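Peer 1: Chain by chain, the residues:
There are 2 protein chains.
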Amino acid sequence: MDAAMAKIAFLGLGVMGGPMAGHLAKAGHDIAVYNRTAEKADSWVADLGGAAAATPAEAAKEADAVLACVGADADLEEVTLGPGGAFAAMHEGALFVDHTTVSAKIARRLAEEGEAKGIHCVDAPVSGGQAGAENGKLSIMCGGSKRAMTLAEPIMQAYAARIVHCGGPGAGQQTKMANQLAIAGVLQGLSEALHFARASGLDLDKVFEAISGGAAQSWQMDNRWKTMAAGEFDFGFAVDWMRKDLGLAIEEAEANGAKVDLAKLVDGYYAEVQAMGGSRQDTSSLVRRLEE
Amino acid sequence: MDAAMAKIAFLGLGVMGGPMAGHLAKAGHDIAVYNRTAEKADSWVADLGGAAAATPAEAAKEADAVLACVGADADLEEVTLGPGGAFAAMHEGALFVDHTTVSAKIARRLAEEGEAKGIHCVDAPVSGGQAGAENGKLSIMCGGSKRAMTLAEPIMQAYAARIVHCGGPGAGQQTKMANQLAIAGVLQGLSEALHFARASGLDLDKVFEAISGGAAQSWQMDNRWKTMAAGEFDFGFAVDWMRKDLGLAIEEAEANGAKVDLAKLVDGYYAEVQAMGGSRQDTSSLVRRLEE
Chain Y
1 MDAAMAKIAF
11 LGLGVMGGPM
21 AGHLAKAGHD
31 IAVYNRTAEK
41 ADSWVADLGG
51 AAAATPAEAA
61 KEADAVLACV
71 GADADLEEVT
81 LGPGGAFAAM
91 HEGALFVDHT
101 TVSAKIARRL
111 AEEGEAKGIH
121 CVDAPVSGGQ
131 AGAENGKLSI
141 MCGGSKRAMT
151 LAEPIMQAYA
161 ARIVHCGGPG
171 AGQQTKMANQ
181 LAIAGVLQGL
191 SEALHFARAS
201 GLDLDKVFEA
211 ISGGAAQSWQ
221 MDNRWKTMAA
231 GEFDFGFAVD
241 WMRKDLGLAI
251 EEAEANGAKV
261 DLAKLVDGYY
271 AEVQAMGGSR
281 QDTSSLVRRL
291 EE
Chain Z
1 MDAAMAKIAF
11 LGLGVMGGPM
21 AGHLAKAGHD
31 IAVYNRTAEK
41 ADSWVADLGG
51 AAAATPAEAA
61 KEADAVLACV
71 GADADLEEVT
81 LGPGGAFAAM
91 HEGALFVDHT
101 TVSAKIARRL
111 AEEGEAKGIH
121 CVDAPVSGGQ
131 AGAENGKLSI
141 MCGGSKRAMT
151 LAEPIMQAYA
161 ARIVHCGGPG
171 AGQQTKMANQ
181 LAIAGVLQGL
191 SEALHFARAS
201 GLDLDKVFEA
211 ISGGAAQSWQ
221 MDNRWKTMAA
231 GEFDFGFAVD
241 WMRKDLGLAI
251 EEAEANGAKV
261 DLAKLVDGYY
271 AEVQAMGGSR
281 QDTSSLVRRL
291 EE
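Listed in order, the protein sequences are those of chains Y and Z.
Residues in the first sequence are numbered consecutively from 1, following UniProt numbering.
Residues in the second sequence are numbered consecutively from 1, following UniProt numbering.
Fair warning: there could be bad hints in the mix.
Which copy? The list can't say, so a pair holds if one copy fits it or any two copies do.
Said to hold, decoys possible - As a list, the in silico PhoX-like pairs of lysine-lysine whose alpha-carbon atoms are at most 20 Å apart:
#1 K206 <-> K137
#2 K146 <-> K206
#3 K244 <-> K61
#4 K244 <-> K264
#5 K7 <-> K259
#6 K244 <-> K259
#7 K146 <-> K117
#8 K264 <-> K7
#9 K105 <-> K244
None of these hints come from the bench; they were simulated from the model.
This one's a predicted model, so the numbers in the text were calculated from it and none came from an experiment.
Full structure from sequences and hints, please.
Peer 2: Have a look at this one:
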């Protein structure tokens, strides 16, 4: 496979997959796209070229590499192993890369199914959000064999700022879960700090100036303190998706005997934010349940 | 008062106060020091010059500025308002700066007592730890009047990387509390992320590489992930002090009607770490209760 110009199928053209597939097209690859809502695939092709396929299998049948970025475990299972799924159509030696954040269990299952069929699999969830997908600066956490990584890396370079091979099948998903566990703690701490500062009558800009250069610093503080202070939440990474991710992490933690009490607590707090109408708001809306 | 060469009294020569007073001596100020354990004051004077005083009042009586860095509220009250305390000896127009992390209540009380006596007061807790005190790079969060800040700033420059005037009396202490609330969340999230990653069998160096450049990043991750992974905790900011600070924040939150449930939870977790013998260990030892 020549990574400089490969035949690639991309399954799922949402806010992440759409721009990621766009970077592959701009890199000169020959792209076939599939999307559950066919109009989205047609409009993507009208903008960026390539071909729209009616099923994942049709997109995948000639492909050197099939990449997916769909919703959750069930969607991923459908586009890979379901009727009209990609796996049955892929040829031996082809590559499958999943960019969806899903369970480590399904990542391992796809790797096993792939091995039986001679398909090299990488589980490769991303971080960096919609902006990272659009400007091609995603961090990609990968699980899979060395051989699969060798095939996947030159392709993913089209939209990656950082690619890390974390371990065998499922390790990419587990690393993404660790990422979300860390974020849950950061955001709850930040929410209490901001809520406390406001309740104390402090000038929130001064507090930011005083604490953002030291041991309390975080990406979330640097990028969300001011929007949280202003009550702006209609952007960013949605609460619904965070709950999905925390659910995956909590399930995996239980399977491995890991204690994640804070994640469980914060997941419950996010349920409160959903009940307040915050489902589509940024994860920093966690502060709302303290303030309202 | 000429900040370039003022008469300064420094009360409390511990791991923070000792080096801070040292920077003032090196900046050319005329220093009188007081320490509860007199030997420490004698040895400081032998190294750095100036005079050792038998009581805070003796150190303070000629001073343009009196600075304190002691243990907690009771210690601060003793060296300021107690028998032989500094306030009774200070002259009108003098400056008092407290670098101890204490309650906002005592900061406001000293500001009131000061106002009655014509003493300008600043509550000025610091962050940056022992290293910051030694290399003169502390972040200082200040509460007090504009006039008091004008007097205090040129003196504090001797050991500050950042000085922020957060508001009136007590605002420095409240800002420090917000700082500690943010840290509590960051560290519990980081502990769960690391514990989860280890329980999942991941390579902790790879996880760090994958997640430290994105939305989960924090100062604590940058500076503590590797030591936490290695089980190294005998350095840094002690659990005993963190519990003291969280206690102050929780008390102040209750006084202001702020909800800090995570801080209460983490305070209880730190009590477990103390029971495991971790009282003097760095705050990142929070992970121990998950791992052992």
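Peer 1: Give me the numbers of the hints this structure contradicts, sorted from smallest to largest.
Peer 2: 3, 5 and 8
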